[in-house]
Amino acid sequence: MNDEHFFVRLAEKTAAGSVAADRAPARLKSRLYSALVAEQATDGPLRSLPATKAAGRPLCVFEHVLQGVPHEGIVSMNPCRVCHARLLAEHFEAPPIYWPHCPYVEFQRR
Amino acid sequence: MLAEEQALLDGVLAKDRKAAAEFVSRYADAVYGYVSRRLAPRRDLVEDVVQDVFLVALQKLASFAGQSSVVGWLLGIARHKVEDFYRAQLREPDSLPDDGEVPSAASTVTLDLDELIDAARAEEKTRHILERLPVAYSAALQWRYWEKRSTKEMAAHTGKTEKAIERLLARARSAFRRLWEAS
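Protein chains in written order, with my numbering: chain F, 1 to 110; chain E, 1001 to 1183.
None of these hints come from the bench; they were simulated from the model.
Do not rely on the hints blindly, as some may be mistaken.
[Unchecked claim] Straight-line Cα separation of at most 30 Å, DSSO-like style, residue types lysine-lysine; simulated pairs:
| hint | chain 1 | residue 1 | chain 2 | residue 2 |
| --- | --- | --- | --- | --- |
| 1 | E | K1148 | E | K1163 |
| 2 | E | K1152 | F | K13 |
| 3 | E | K1125 | F | K13 |
| 4 | E | K1160 | E | K1081 |
| 5 | E | K1152 | E | K1163 |
| 6 | F | K13 | E | K1081 |
| 7 | E | K1163 | E | K1081 |
| 8 | E | K1081 | E | K1060 |
| 9 | E | K1160 | E | K1148 |
| 10 | F | K53 | E | K1152 |
| 11 | E | K1081 | E | K1125 |
| 12 | E | K1148 | E | K1081 |
| 13 | F | K53 | E | K1160 |
| 14 | E | K1148 | F | K53 |
| 15 | E | K1125 | E | K1163 |
| 16 | E | K1152 | E | K1081 |
| 17 | E | K1125 | E | K1152 |
| 18 | E | K1060 | E | K1163 |
Chain F with its partners taken away, still in its complex shape (with noise of 0.2 Å):
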């Protein structure tokens, strides 16, 4: 079998593993979601933590808090921004945090 022959077949044979079995870190995860709503939150308020428990999506205790504010600046905010568990999470792999419905707690167990 000559060289580029070899390397045709292996690249065929390996392929399928390139998008399988890595599991990004939980970290990374945390980096990536911090990143996405940050990013999200330059060009306006985030959808009002009211109208995300209307969609059907829990929130954390702190945010549970927050959505009874009668101010749309304060229900619009990241308080994840703020928040111990987002620093726990993007810097360690398994952080003692424990919050339900919390993004970062959500990242560990998946």
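Assemble chain E onto chain F, guided by the hints.
Quick look at chain E alone, frame taken from chain F:
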């Protein structure tokens, strides 16, 4: 695209933070898996490239027509990012190791066909070798054979001559072959 995926994308477009979290949860593994294999041996760059892929996806989300699956679309963006990396590696003058004579096309080939029968073993061995090669060799081989780019396309993307790309590939194949036979 499934209705469920469309609903998720609609949520992300509406700046729903929980939809963004679900978007990451659902697709990060596939993008990470692809990028981490294609950037060998530069694993230190993988996370930044994956993040770039997601940020580009967010920028382009409104124009995604849904003609392919979401994961296919994301991997398309990832492929462009990986090719940017290959291009940069091959453009760097110092990244093209010149270790003397270019192996001849007629060099004796002793690669074992049987080694290719077991895909899992072949993949593990391939990955291990690609991680040990100089970055330019690894990038050139993956670009040519795994991303199926012609030498002409590689030359056009890097500003090198086709001949220079062929010489680089010959050296890269030779280095790969030595490690394959030794392991």
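Enumerate the violated hints, using their earlier numbering and listing them in ascending order.
10, 13, 14 and 18
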